[in-house]
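Residue numbers (my numbering), protein chains in the order written: chain A, 14 to 281; chain B, 14 to 281; chain C, 14 to 281.
Hints listed in this document are in silico derivations from the structure and should not be mistaken for laboratory results. Remember, it's a predicted structure, so these values are computed and weren't measured experimentally. Treat the hints with care, since some could be wrong.
Using 30 Å as the maximum straight-line C-alpha spacing, the simulated BS3-like pairs for lysine-lysine come out as follows [said to hold, decoys possible]:
id, chain 1, residue 1, chain 2, residue 2
1, C, K100, B, K140
2, B, K46, A, K140
3, C, K140, A, K100
4, A, K32, C, K169
5, A, K108, A, K213
6, B, K100, A, K140
7, A, K169, B, K32
8, B, K140, C, K46
9, C, K32, B, K169
10, A, K100, B, K213
11, B, K213, B, K108
12, C, K100, A, K46
13, A, K140, C, K140
14, A, K108, A, K140
15, C, K32, C, K213
16, C, K100, B, K100
17, B, K108, B, K32
18, B, K140, B, K213
19, C, K32, C, K108
20, B, K46, A, K100
21, B, K100, B, K213
22, A, K100, C, K213
23, B, K100, C, K46
24, A, K32, A, K108
25, C, K140, A, K46
26, C, K32, C, K46
27, B, K32, B, K46
28, C, K108, C, K140
29, B, K140, C, K140
30, B, K140, A, K140
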Amino acid sequence: MGRRLSPEGGIQMSDAYNKGEQLLMDTYEEGIKGVLANLSELSPHIGRYIVEFFGQVFTNPLLSFTQREMITIAALTSLGDCPGQLKWHIQFGMKVGLAPEEIIELITHTIPFSGFPRALNAISLAKLVFEELGIQIAIQDELLNAGNIRETGLAKLQEIDGEHGTQVLESLAGVAPVLADQIVDFTFGEIYSRSLLDAKQRQLVTLASLTAQGGCEPQLRVHIHAALRVGLNEQQVIEALLQCYPYTGFPKVLNAVSTARQVFEHQK
Amino acid sequence: MGRRLSPEGGIQMSDAYNKGEQLLMDTYEEGIKGVLANLSELSPHIGRYIVEFFGQVFTNPLLSFTQREMITIAALTSLGDCPGQLKWHIQFGMKVGLAPEEIIELITHTIPFSGFPRALNAISLAKLVFEELGIQIAIQDELLNAGNIRETGLAKLQEIDGEHGTQVLESLAGVAPVLADQIVDFTFGEIYSRSLLDAKQRQLVTLASLTAQGGCEPQLRVHIHAALRVGLNEQQVIEALLQCYPYTGFPKVLNAVSTARQVFEHQK
Amino acid sequence: MGRRLSPEGGIQMSDAYNKGEQLLMDTYEEGIKGVLANLSELSPHIGRYIVEFFGQVFTNPLLSFTQREMITIAALTSLGDCPGQLKWHIQFGMKVGLAPEEIIELITHTIPFSGFPRALNAISLAKLVFEELGIQIAIQDELLNAGNIRETGLAKLQEIDGEHGTQVLESLAGVAPVLADQIVDFTFGEIYSRSLLDAKQRQLVTLASLTAQGGCEPQLRVHIHAALRVGLNEQQVIEALLQCYPYTGFPKVLNAVSTARQVFEHQK
Chain A
14 MGRRLSPEGG IQMSDAYNKG EQLLMDTYEE GIKGVLANLS ELSPHIGRYI VEFFGQVFTN
74 PLLSFTQREM ITIAALTSLG DCPGQLKWHI QFGMKVGLAP EEIIELITHT IPFSGFPRAL
134 NAISLAKLVF EELGIQIAIQ DELLNAGNIR ETGLAKLQEI DGEHGTQVLE SLAGVAPVLA
194 DQIVDFTFGE IYSRSLLDAK QRQLVTLASL TAQGGCEPQL RVHIHAALRV GLNEQQVIEA
254 LLQCYPYTGF PKVLNAVSTA RQVFEHQK
Chain B
14 MGRRLSPEGG IQMSDAYNKG EQLLMDTYEE GIKGVLANLS ELSPHIGRYI VEFFGQVFTN
74 PLLSFTQREM ITIAALTSLG DCPGQLKWHI QFGMKVGLAP EEIIELITHT IPFSGFPRAL
134 NAISLAKLVF EELGIQIAIQ DELLNAGNIR ETGLAKLQEI DGEHGTQVLE SLAGVAPVLA
194 DQIVDFTFGE IYSRSLLDAK QRQLVTLASL TAQGGCEPQL RVHIHAALRV GLNEQQVIEA
254 LLQCYPYTGF PKVLNAVSTA RQVFEHQK
Chain C
14 MGRRLSPEGG IQMSDAYNKG EQLLMDTYEE GIKGVLANLS ELSPHIGRYI VEFFGQVFTN
74 PLLSFTQREM ITIAALTSLG DCPGQLKWHI QFGMKVGLAP EEIIELITHT IPFSGFPRAL
134 NAISLAKLVF EELGIQIAIQ DELLNAGNIR ETGLAKLQEI DGEHGTQVLE SLAGVAPVLA
194 DQIVDFTFGE IYSRSLLDAK QRQLVTLASL TAQGGCEPQL RVHIHAALRV GLNEQQVIEA
254 LLQCYPYTGF PKVLNAVSTA RQVFEHQK
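With these hints in hand, go ahead and build the complete structure from the sequences.
Following this line, the structure appears as structure tokens:
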């Protein structure tokens with residue numbers, strides 16, 4: 014493959030650039046060309062950094078492309094103020110293999126972590142992308158038996174979070190028992206009990222949503238434990254956090270990695 | 014009342030759903046129908062969660078509807094990236110009894126906590142809503158006597174925050190005395206001294222603005238103390254934090270509740 | 014100079030107001046008139062607060078106008094959700110002496126701290142402003158020798174952060190060595206090694222980006238050390254944090270000042 018995106022033929026680009034260029038040209042040529050064209054006049058260097066990121070981090074096989082785009086779309090949803098980039102990644106996510114239904118589902122999964130408004134805005138963007146691409150899907154409400162929602166939620170909480178989830182509930186018992194009920198019913202009885210994403214995918218989305226917001230270290234601790242519990246390994250957890258840094262910057266990722274290190278040490 | 018919003022007549026909806034539906038249909042029928050119509054194709058489940066929230070949390074009598082909408086509008090103002098939802102709640106807030114002047118005033122109250130830009134953007138949205146509804150109001154600058162602003166501010170700080178406010182000023186004395194002056198003059202001499210909202214309402218708005226931003230635990234501590242000081246009880250403080258979770262997600266609310274628990278224990 | 018912005022001739026405005034008014038009328042008359050006109054109907058008091066801020070804080074000679082606007086543009090870039098105010102300050106920044114290239118460069122400098130999307134959105138706004146003003150600039154990629162990027166980055170990290178930077182790398186060695194490499198290569202090998210801004214300017218931008226986000230206290234600690242190391246004094250560091258409060262609110266600035274106090278005490 015020739016160098017097709019490089020600004021000038023004579024410049025020796027890094028290996029990361031060349032790998033990123035190949036990936037992007039193979040999957041979403043018009044998308045990356047659009048990004049670089051917008052940057053060409055005032056900030057071609059930023060275009061290079063972006064391509065290098067894809068070559069350097071994105072191609073690491075610890076996580077699949079679809080896992081990485083789940084993380085990215087979740088991080089951008091929870092950041093909330095980057096609709097242009099979120100739209101780009103909804104398109105790119107489908108290019109690398111995410112189903113439209115999976116995109117809606119992972120956005121839905123961010124609701125307990127970063128609230129309804131940001132999820133609603135992300136779904137509006139997804140709807141726009143689907144319409145532009147002529148994609149028609151209809152998603153039904155997976156209405157659970159409301160009578161058993163508490164029971165379903167408690168079982169799911171135990172499955173995902175184990176003792177760390179129970180500790181959260183206990184810490185709320187004296188001060189905000191209604192909040193404990195809401196978390197059991199809504200987060201675990203409803204959201205975690207939905208189909209379409211498995212437990213590992215849900216934990217990747219959770220880590221991304223918490224990392225992107227910042228200041229959620231106690232919840233990151235619980236959910237890094239949960240990520241290991243449902244079968245992700247330590248390297249994959251770290252890799253999920255690394256996938257966030259282009260979108261969040263290094264500080265939030267450094268804080269999340271620091272929390273992960275504490276969890277890993279605690280497990281030994 | 015018949016079930017007018019349920020997606021299908023045959024589905025047995027939860028009690029929370031039925032209560033929420035009745036509330037929303039009685040207060041803002043076109044608003045909730047618009048929300049649900051937007052969600053109908055790709056995420057009817059999210060529409061159900063929203064209606065259930067109104068039935069479950071919103072109707073709890075610990076806080077009034079107008080107090081809840083003050084909290085919600087403040088949280089959305091300080092989140093900053095959810096203009097669609099903020100506009101909806103400015104409209105809904107008026108439906109449940111907030112005066113346009115109160116909406117402007119509560120947005121003004123967020124300035125010391127989340128800055129001018131987000132408040133200015135919220136006021137622009139409010140202006141738009143008022144214009145669409147043909148509401149004409151004119152608000153005068155309540156210009157205080159600039160010569161006494163320090164004195165006014167110190168008295169108001171003492172009234173609201175008590176010793177906890179004094180401690181903040183003392184902690185700044187050695188390192189940033191100008192900042193201490195600015196907080197006294199601006200936050201307390203100007204903002205807290207304005208009319209239209211009482212001290213309880215101002216503390217509800219403050220708690221919402223701090224919770225929505227995340228990472229403001231030291232300030233939450235001071236202002237939860239202040240909330241109790243001006244006459245809100247512990248249950249109302251917790252309820253104010255719970256009112257935030259649909260907009261902020263659970264993690265920020267869990268961190269705020271954890272801070273509240275520490276304050277409550279410290280008071281005993 | 015007559016009082017040209019005051020809402021009513023008969024009102025006695027504060028000295029801060031008068032100083033702020035003079036500064037703003039002398040530098041960006043149409044800009045401040047636009048802001049105040051938008052606020053005149055519903056919130057003239059907020060217009061007064063804004064003018065007073067310029068008179069009170071902005072005119073303090075501890076930092077120059079161009080330094081203050083670098084801080085402001087960086088804070089608004091990293092806040093991410095205030096495009097209207099960011100656009101205003103890109104225009105105002107040029108009025109007080111920032112070159113268009115410096116604006117692009119300071120936005121570029123925020124990438125490692127608050128991510129690509131917010132920087133890309135800020136650059137799009139800058140591009141729009143430049144087009145409206147008929148400003149044509151072309152910026153070349155400062156492509157460093159990729160073979161030496163690690164070496165360049167380590168030297169620059171040592172120069173800026175000293176032992177505190179080394180400690181960050183060491184803390185990552187066991188858990189996320191790739192992240193350490195990325196920070197060395199990208200943050201220091203690329204971004205900090207670019208021309209157009211000097212080390213002091215870069216630290217002011219860094220402090221603003223970290224303060225605006227909140228929750229980045231560990232990184233603030235490292236970079237307040239670095240700010241002192243590259244030649245800013247303690248008063249200037251505090252002043253840089255104070256410059257942020259109109260855009261971020263007091264809580265984030267209080268937390269940053271608290272971190273600064275710890276750094277200052279640690280140095281003694």
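Here is how each hint holds up against the structure:
1. K100/C <-> K140/B: holds (21 Å)
2. K46/B <-> K140/A: holds (18 Å)
3. K140/C <-> K100/A: holds (21 Å)
4. K32/A <-> K169/C: holds (27 Å)
5. K108/A <-> K213/A: Holds - the C-alpha atoms of K213/A and K108/A are around 21 Å apart, at most 30 Å.
6. K100/B <-> K140/A: holds (21 Å)
7. K169/A <-> K32/B: holds (27 Å)
8. K140/B <-> K46/C: holds (18 Å)
9. K32/C <-> K169/B: holds (27 Å)
10. K100/A <-> K213/B: violated (41 Å)
11. K213/B <-> K108/B: holds (21 Å)
12. K100/C <-> K46/A: Holds. K100/C to K46/A sits at ~26 Å (cutoff 30 Å).
13. K140/A <-> K140/C: This hinted pair holds, its Cα atoms lying about 29 Å apart.
14. K108/A <-> K140/A: holds (16 Å)
15. K32/C <-> K213/C: Holds, because 28 Å separates the two Cα atoms, which is no more than 30 Å.
16. K100/C <-> K100/B: Answer holds: K100/C to K100/B is near 23 Å, not above 30 Å.
17. K108/B <-> K32/B: holds (17 Å)
18. K140/B <-> K213/B: OK: K140/B and K213/B at ~25 Å, within 30 Å.
19. K32/C <-> K108/C: holds (17 Å)
20. K46/B <-> K100/A: holds (26 Å)
21. K100/B <-> K213/B: Holds: K100/B and K213/B sit about 24 Å apart, inside 30 Å.
22. K100/A <-> K213/C: violated (36 Å)
23. K100/B <-> K46/C: Since the Cα atoms of K100/B and K46/C sit roughly 26 Å apart, the hinted pair holds (cutoff 30 Å).
24. K32/A <-> K108/A: holds (17 Å)
25. K140/C <-> K46/A: At roughly 18 Å apart (the allowed maximum being 30 Å), K46/A and K140/C satisfy the hint.
26. K32/C <-> K46/C: holds (16 Å)
27. K32/B <-> K46/B: Status holds; Cα separation ~16 Å.
28. K108/C <-> K140/C: holds (16 Å)
29. K140/B <-> K140/C: Roughly 29 Å separates the two Cα atoms, so the pair holds.
30. K140/B <-> K140/A: holds (29 Å)
Of the numbered hints stated above, those contradicted by the structure are hints 10 and 22, listed in ascending order.
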